[in-house]
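**Student:** Given the coordinates of chain A, work out where chain B should sit on it, guided by the hints.
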Amino acid sequence: MPSPPWLLSLLLVICFTLALRLQSWYAAWPGNTAASADLLTVALGDSRQLFANYFFAEADAYFHSGYYPSIFDQPQSPGRPHVAETTDGESTADEEREADFLGKPRDWIERFGRNFFPTAHTHLKPADTGEILPWLELSADLDPHRVETYTVAAYWLRTRLGRVNEAEQFLRQGLRANPDSCEILFELGRVYAENRHDPDHARNLWELALRRWDAQSAEGRKPDRIVFGAIVSHLADLEAHTGRYAQAIQCLERLKTVSPAPAAIQKQIDDLKQRLAAGVH
Amino acid sequence: MNSLWAIASLVIKELYRRKDFYVLFILTVLITGLFGSISIFNDERIVRYLKAICLLLIWMAALVIAIVTTARQIPAEREQRTIFPLLAKPVTRAHVVGGKFLGCWLAAGIALVVFYVFFALLSGTREHTWPIANYAQALWLHWLMLAMVIALTLAGSVLFTAPSSNATICFIVTVGILLVGRHLNTVTLQLREPASSLVSVVYYLIPHLEFFDVRDLVIHDWPPIPWSACALATLYALAYTACFLLAAWWRFRRQPLN
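Chains A and B, in that order, are what the protein sequence lines are. Here the first sequence stands for residues 40 to 320, numbered as in this note's numbering. Here the second sequence stands for residues 53 to 310, numbered as in this note's numbering.
Only chain A is shown next, with the shape it has when bound in the complex (with noise of 0.2 Å):
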């Protein structure tokens, strides 16, 4: 049996041995909460994603004041929220038939427990939009690579409660999350060309993102074809009223290859073309 010191001695060796070993190891584990100084990733790890949707269907819920389906009414009512289109307060005949989730009382029970929640489907008061950010920037805080929740946000910072300033900032936040996201570049490009008049920042932008989309697709990524279409049509637009006719012909071509009338947009093209060859500005 061998003395006390020496066995304390080779213990001691082995937990040195053993803590350099796993140092290493533990600085490289994906899984290293030591490694996030944000709270909520360690708290919450990967489950912030599901905690990140919840928000941002709660957002949705404040849009439409309440009214909002629960998970044993969801499969009535698929489709996409409606904080995240772009409609103004009144409610369409289509959205009005889908939100309609509720359908008639089966019974005396639920027809007397309508009288104590929200039936009514109805959408927020554009002065009231600014009741759905705390969620959307609870859900960004969650999961900063939900690009959507950037883009709807400065949608309705920017186009109902005048704060362009705040719409950029949180776009340009998800821009340093997301650096690759052709969404957040084009409604970056839309907060330059719509509300500071700056159209060739706007142009730079939009450019941007075009080449991200391109680079996504090359990729075989399959980028989302609406959010190209968005970027052409709006770079058409800007080229075409800042008088340069060959670039705006030149995304209007693109653009013909993913719209749903293209000979709508061919009618364009040709009248670009007339411009062009007569000169006008």
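None of these hints come from the bench; they were simulated from the model. The hints are all genuine.
Each pair of labels, with its calculated beta carbon distance range:
| hint | chain 1 | residue 1 | chain 2 | residue 2 | range |
| --- | --- | --- | --- | --- | --- |
| 1 | A | P69 | B | W279 | 57 to 63 Å |
| 2 | A | V297 | B | I184 | 53 to 59 Å |
| 3 | A | L61 | B | I224 | 39 to 45 Å |
| 4 | A | A66 | B | E96 | 40 to 46 Å |
| 5 | A | Y93 | B | N54 | 48 to 54 Å |
| 6 | A | S256 | B | N94 | 35 to 41 Å |
| 7 | B | V81 | A | T281 | 55 to 61 Å |
| 8 | A | Y93 | B | V254 | 25 to 31 Å |
| 9 | B | W279 | A | H236 | 52 to 58 Å |
| 10 | B | P278 | A | V297 | 47 to 53 Å |
A short, non-exhaustive set of chain B residues, derived as facing chain A with CB atoms under 10 Å:
| hint | residue |
| --- | --- |
| 11 | R100 |
| 12 | E262 |
| 13 | V266 |
| 14 | R267 |
| 15 | I271 |
Beyond 12 Å from chain B on every Cβ pair, some chain A residues (computed):
| hint | residue |
| --- | --- |
| 16 | L51 |
| 17 | T56 |
| 18 | D85 |
| 19 | F90 |
| 20 | S256 |
| 21 | I265 |
| 22 | S272 |
| 23 | H280 |
| 24 | G282 |
| 25 | Q286 |
| 26 | T296 |
| 27 | V297 |
| 28 | K306 |
| 29 | L311 |
| 30 | R314 |
The C-beta atom is built at its ideal place from N, Cα and C for all residues, glycine as well.
**Tutor:** Chain B in isolation, oriented as in the chain A frame:
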């Protein structure tokens, strides 16, 4: 009536002697204040999220106060053997059950008033509107819901041996009803027999506590509920409360005390 009131006043005194209410109220104020201090895109008008958080905390605190206070009433009397001198007086077991219920319900009501005054001040200072009718309805319906929960817990306290198990079961039942009670009839459509019939029976049998949860209407500034619906909800709550109290008394009167 005097003996009922005497027992009830003891329960109310217990509420303000104990620290549960103060702790929960201070926590509610602190957490709401913390969320209120967050700047959301520099917009001071945003208030609904704050109302939602404050009301959620009020609901949680009220449930804790009501269930925990009620669950320990009769077991504590038996454990400390104070039930014997109490019943030696001209007090029947029905008086004990009734008095304990009344005391817990009034104590919960006092706590609710304090919570709702804080809520009204918070939303009023932010929104600059004072929808008193909505708040009064929300407070009244909330208090009625607590009447059912308190009566249920009182019935549980003569059924289960330990207050902790009674409180836990009552919490689970209450939260379960609040979360899924309204949807049980939808669930039955997706089930096969006999599960479908069983869930249907549960759906018609349980007290629908979710009727009394009007937080969404208050948060999103919907108009007040029709007063006739409020009156019917009151009758509904009183009927269930009476059922639970009757069950509690029926069980308690046949129970040996030692």
